[in-house]
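Trainee: Spelled out from the first residue to the last, the chains are:
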Amino acid sequence: ELPPSHFPAARAAAVAVGYLRYLRGGPGRGLQLRELRRARRQDIDDVGHKYYLELELEDVLDKDRTVNCTAEVLYPLGSKSAAPDVQVAVQGELRSTEEADKEFYNRIRSLEKELVAENIPDSHGNIPAELEPIHLLAWVAAGYVTWQNSTENTKFHLAQVKHVKQVKRSDEDLQFDYMLLLHEMVSQEVLPWQVTVLWHPQRGARVSQ
Amino acid sequence: MRLPVLLAALVAVATCTETFVGHQVLRVIPQSDEELQKVQELQELEHLQLDFWLAPRGLGLPVDIRVPFPSVQAVKAHLEAGGVSYSIMIEDVQALLDEEQVEMLRSSRQLPLDTDTFNYEAYHTIDEIYSFMDMLVAENPNLVSKLEIGRSTEDRPLYVLKFSTGGTNRPAVWIDTGIHSREWVTQASGVWFAKKIVQDHANNEGVASILETMDIFLEIITNPDGFAFTQTKNRLWRKTRSKHSGSICVGVDPNRNWDAGFGEAGASGNPCMETYHGPYPNSEPEVKSIVDFVKSHGNIKAFVSIHSYSQLLLYPYGYTSTPVPDQQELHEVSAKAVAALSSLYGTKYKYGSIITTIYRASGGTIDWTYNQGIKYSFTFELRDTGRYGFLLPAKQIVPTAEETWLALKVIMEHARDNMY
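Sequences listed follow chains A and B, in order. Residue 117 in UniProt numbering is what sits at position 117 of the first sequence, and the numbering runs on without skipping anything. Residue 178 in UniProt numbering is what sits at position 178 of the second sequence, and the numbering runs on without skipping anything.
This is chain A alone, in the form it adopts within the complex (with noise of 0.2 angstroms):
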């Protein structure tokens, strides 16, 4: 049993989250973890050490109702190149984007010149409306590269998009190769990192570093 309040069951609640961020998130919906309920770590001989955590989220675009989550999170032993691997299970329903998901697609596939935007959030904070989808798109993208380069000694966070470029193609998706700042929290370093993510309302999120 670990307490909340301790480092290693933060990290692990933060994998789960990247990881429901790419699964679930979108231009239209931003999970983000509302309490850490309990936390218990069992270290496996020759496999690894496996998290078992209960969570609540939220979304920041539906803040008036949370939804619970259990994840399982094992980070492999020795190599450290393998992604940990992330089992969820979310309890309830998460509010629908269909609506926000097909205006906004609409409204990208209708401009006369691709996207471009840069420092999202600005050094004040400050993310104008029209691109809060982006934004929450690269979470998305932030959640997958939190996924697949985390260990029990990091936290990533999404400190800001500093370059986003649309391009534009001859499919149904969108494409967004993004220039991320990851803040990983234990070096405190600012890592950027490119990713292209193509999206459909339909088909969700694809993510290429």
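Simulated from the structure, these hints should not be mistaken for laboratory data. Don't be surprised by glycine CBs; every beta carbon is placed ideally from N, CA and C. Heads up, some of the hints might be wrong.
With the C-beta cut set under 7 angstroms, the calculated list includes, among others, these residues of chain A facing chain B [claimed, not checked]:
1. S123
2. H157
3. A159
4. V186
5. Q188
6. V190
Assemble chain B onto chain A, guided by the hints.
Mentor: Quick look at chain B alone, frame taken from chain A:
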């Protein structure tokens, strides 16, 4: 209306060579052909060097004349002799220009006139914060003074505000913000704290009772070189801006440079890393100046160093997992402080020792201050938990400062009531 435009034009001139001292602007509204003629006559008298802001146009329409000082008597005499009434619109053009120029500069740079008009809901530049400090001192000379405890690597002043109602070397509370320059909500909160202390004292509430027996020292911009760098070059700069021989990389982590477990696990020996501890303890003037101050003061009872983000209240140690002797008391005070903080807006904080709650960190500020005997040594990590991180929206500055202040009061009151 027309007036500011004309004045603006004069400002342009005035900033070059001319002066308008003693010049007056007269207004005449001719009511008859005779009066109109008298005014028109003035236009012919070139030696008077009159400047018609509003030329004569007809009966009942105002004529505005800027009259140079040497001509004022003559013009008035001419008008009075003709029975033409006039009014003095501007008694001294230069005086108005001086005022106008100041106003123009103020409104274009939105400089506050005093600490009541200062905008606490925005992030400010170094100069604006220095100016705020001077205004606060000027407005409250019996309570607030500004001390310079040293100079930064780039020779910026390291200012500390002292809040004291008297006495000699009273037991004191120290608060610093902005030691890590990218943590902008902390410097902004420091500014708010300064004003709050003054207000509480004026209204004889809040910390007024603490100030009866204790002094408060507040260093708002603890890392000015870093802060300047975040404003001009890199918003996410953390360290100082020192260059130590042998590396192209710049800066030392001022929260790894203290003499407590210096150089041990929990800091980096690589000058290019964000947690670089520096070549030796107190190598950074930003750190050394505080060390010198604390040692020479000798009577600091509570020391709080403020960071962001993560929403944590932390006590020593970071460099070792050995608990501090006062662990239980500090844990209880933390619980109380966090409860007070949450009571305002429901903001959730976790608390505990640095090494269990956040990570192992060596050479940290409050590990050193605790080992100096300052029992109530705490570090805050303010809002948020990662949604905006270092780039916290300005509209959260005041709520953050307000809730944090409640926690600070718990710590200060506990120190006052448990004097050692």
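Trainee: What hints, given by number in increasing order, does this structure fail?
Mentor: none
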